[in-house]
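Chemist: Using the sequences and the accompanying hints, generate a full structural model.
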Amino acid sequence: NAGVMQNPRHLVRRRGQEARLRCSPMKGHSHVYWYRQLPEEGLKFMVYLQKENIIDESGMPKERFSAEFPKEGPSILRIQQVVRGDSAAYFCASSPRQIYNEQFFGPGTRLTVL
Amino acid sequence: QQPVQSPQAVILREGEDAVINCSSSKALYSVHWYRQKHGEAPVFLMILLKGGEQKGHEKISASFNEKKQQSSLYLTASQLSYSGTYFCGTEPFYNQGGKLIFGQGTELSVKP
Numbered sequence: 001n002a003g004v005m006q007n008p009r010h011l012v013r014r015r016g017q018e019a020r021l022r023c024s025p026m027k028g029h030s031h032v033y034w035y036r037q038l039p040e041e042g043l044k045f046m047v048y049l050q051k052e053n054i055i056d057e058s059g060m061p062k063e064r065f066s067a068e069f070p071k072e073g074p075s076i077l078r079i080q081q082v083v084r085g086d087s088a089a090y091f092c093a094s095s096p097r098q099i100y101n102e103q104f105f106g107p108g109t110r111l112t113v114l
Numbered sequence: 115q116q117p118v119q120s121p122q123a124v125i126l127r128e129g130e131d132a133v134i135n136c137s138s139s140k141a142l143y144s145v146h147w148y149r150q151k152h153g154e155a156p157v158f159l160m161i162l163l164k165g166g167e168q169k170g171h172e173k174i175s176a177s178f179n180e181k182k183q184q185s186s187l188y189l190t191a192s193q194l195s196y197s198g199t200y201f202c203g204t205e206p207f208y209n210q211g212g213k214l215i216f217g218q219g220t221e222l223s224v225k226p
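Protein chains in written order, with this note's numbering: chain A, 1 to 114; chain R, 115 to 226.
The hints are simulated quantities; they were obtained by calculation from the structure and are not laboratory data.
Any given hint could be a false lead.
As the list claims (entries may be wrong) - Just some of the chain R residues that point at chain A, by a computed CB distance under 8 Å:
#1 P121
#2 A123
#3 L214
#4 I215
Even for Gly, the Cβ is constructed at its ideal location relative to N, Cα and C.
Modeler: Quick look at the structure:
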């Protein structure tokens, strides 16, 4: 059973460009969570999605950031007009959301903004 | 709202024991423990639910004091592979099944 897949693993963007991060959850998992980790810091929740629905986006910056999880295909985290402060590791986690809300993390996308 | 972990860092010799604590000011439904090695993804270790249920790693144990909203992770007979940063992730009682709120991490180094 393949784990959570994320791509790209590394992404370099210049200020003002767009970044698109993709996440494919584990088979059978319909709940996806995005977290951001700044260097030497902990994980900060960004958004929680189910298929075609945003359940909780309380951790998303109000501007430039958006997320989706379409009926078909991976979940996408989109950052428009990136700034240097967006440089971080972005992790996606998926959960089967049954009794135990175990969240399994993907390898992450390391975004560097020049 | 972020749980507080202690200690911030600990250095052990192989075979020694360690305890990592996680304390929250909010009522919790569950506590999740993860280990992250540098440059890698967090790896799930254990989940403890309100009411005493738990699920996780065979060689690592943990406790959850519901009244105090505290959890402790017990690492016994530590191995070199235990090195990494340990995070607790808390699931608030009012938001079960949703986001995890992570502590700042405890860096564990196991020396030969």
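Chemist: Indicate, hint by hint, whether the structure satisfies it.
Modeler: Going down the list of hints, with the structure as the test:
1. For R/P121, the interface hint is violated, the least distance from its beta-carbon to any beta-carbon of chain A being 15 Å, above 8 Å.
2. The interface hint given for R/A123 is broken, as the beta carbon of that residue sits about 12 Å from the closest beta carbon of chain A, more than 8 Å.
3. A distance limit of 8 Å between C-beta atoms decides the matter here; for R/L214 the minimum to chain A is near 6 Å, and the interface restraint holds.
4. A cut of 8 Å between beta carbons decides the hint on R/I215: the least distance to chain A is about 7 Å, and the hint holds.
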